[in-house]
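Number of protein chains: 2
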Amino acid sequence: MSKNLFYLDDLSPGMRFTAGPITLTEEAIIAFAREYDPQPFHTDPEAAKTTFFKGHVASGWQTAAVTMRMLVDAAMPFAGGSIGLGVELTWPRPVRPGDALSVEMEVLDITHSSTKPGRAIATLRTTTTNQNGEIVQVMTSKNIVFGRGHVPGQPV
Amino acid sequence: MSKNLFYLDDLSPGMRFTAGPITLTEEAIIAFAREYDPQPFHTDPEAAKTTFFKGHVASGWQTAAVTMRMLVDAAMPFAGGSIGLGVELTWPRPVRPGDALSVEMEVLDITHSSTKPGRAIATLRTTTTNQNGEIVQVMTSKNIVFGRGHVPGQPV
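Chains F and Z supply the protein sequences, listed in that same order.
Residue numbers for the first sequence follow my numbering, so the first one is 154 and each next one is one higher.
Residue numbers for the second sequence follow my numbering, so the first one is 154 and each next one is one higher.
Bear in mind the hints are in silico, worked out from the structure with no lab data behind them.
A portion of the hints provided could be inaccurate.
Note that identical chains are pooled: a pair holds if it fits in a single copy or bridges any two copies.
[Claimed, not checked] Quick list of in silico lysine to any residue cross-link-like pairs, SDA-like style, CA-CA up to 20 Å:
(1) K295 - G239
(2) K295 - F206
(3) K295 - Y160
(4) K207 - G302
(5) K295 - E241
(6) K269 - G306
(7) K207 - L238
(8) K295 - G271
(9) K269 - D163
(10) K295 - T243
(11) K295 - I263
(12) K269 - H303
(13) K269 - D162
(14) K202 - A184
(15) K269 - F206
(16) K207 - R272
(17) K295 - R272
(18) K207 - S235
(19) K295 - A273
(20) K269 - Q307
(21) K207 - A232
Build out the structure end to end from the sequences listed, making use of the hints.
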């Protein structure tokens, strides 16, 4: 990986990172849903018309997965990786075929470990928006971040 | 779908539903990670040995996705579908190749809509465990549930 990596020492609340877009085609929505979320409003554009969503929509889990892809590619460039302990997710509006999703990740808080030097828990908010700037997912996560010389597997 | 569907009227706190197992092979873990979470501890069993996880692990988003598959298949048999507004997820331990995952979903609370008859928000806790009964994911979700005669697209 040639991207510029961020260590604990480089991070502070208010920092923002962005990535995207990734476009979700009708075919991609159907393929994901057949494997992981086989419900008519995700797998069948015609049947979807009479459902709660009144049309074909992506699984929220696909929105989460492509959000993760954008975080790994560019918007969460942490040395040692993007390692989440837990997340809160909301999906305020559905993703529809052809939507182009982007993410913005903001560092909300950094809490240093009291027992492990060079390690902290970062609280991060990742907002996923469509091509109209409408929010389709908000994720707040707790991630492990490592200081220089404290990344597992990297030489000190 | 021939499965027995549950309506709002059929649900009450304390009810539990189960499904699984689904086994995550090394190949499946790598395939998911290459698309959605391309980090060495997910994509490269050899390189994973020196990472935080000290070995090859599945993406937490894959655990979430296969959990959803088990909910749709059997453990969340709600008329009108499994429609989540938001979730909280924790991953207390990683999923490793060969792990066979199962889910248990418990209804925690049902809050009837004050404005929409025949509709409620269910609070649900879904626990995903491996073949040793160890918890790999806990999800608490808010889902829309529909009463008989109030499912979108179904005749009254």
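Copy assignment of K207 with L238, given that the CA separation must stay at most 20 Å: Between copies only: 16 Å across chains, 35 Å inside a chain, cut-off 20 Å.
Given identical chains, is K295 near G271, meaning Cα to Cα at most 20 Å, within a copy, between copies, both, or neither?
-> Within one copy only: 16 Å inside, 37 Å across.
With 20 Å as the alpha-carbon cut-off, assign the pair K207 and G302 to within, between, both or neither. Intra 53 Å, inter 17 Å, cutoff 20 Å: inter-copy only.
- Given identical chains, is K295 near T243, meaning Cα to Cα at most 20 Å, within a copy, between copies, both, or neither? Both, since 15 Å and 10 Å are each at most 20 Å.
| message | For K269 and G306, with the copy left unspecified, which applies at a CA distance of at most 20 Å: within, between, both, or neither? | response | within (16 Å within a copy, 55 Å between copies)
- Query: Within a copy, between copies, both or neither: where do K269 and Q307 come within 20 Å Cα-Cα?
  - Reply: within (16 Å within a copy, 56 Å between copies)
- Message: I want to check one pair: K295 and F206. Are their C-alpha atoms no more than 20 Å apart within a copy, between two copies, both, or neither?
- Response: between (31 Å within a copy, 17 Å between copies)
Which holds for K295 with R272 at a C-alpha limit of 20 Å: within a copy, between copies, both or neither? within (13 Å within a copy, 33 Å between copies)
I want to check one pair: K295 and I263. Are their C-alpha atoms no more than 20 Å apart within a copy, between two copies, both, or neither?
within (10 Å within a copy, 28 Å between copies)
query = Under a CA distance limit of 20 Å, which applies to K269 and D162: within one copy, between copies, both, or neither?
reply = within (15 Å within a copy, 50 Å between copies)
How do K295 and A273 come out at 20 Å by Cα distance, when the copy is not named: within, between, both, or neither? The answer is within: 10 Å in one copy meets 20 Å, while 30 Å across copies does not.
As a check of your reading, is K295 near Y160 (CA-CA no more than 20 Å) within one copy, between copies, both or neither?
Classified as within; 16 Å inside a copy, 35 Å across copies.
Consistency note: the structure conflicts with none of the earlier hints.
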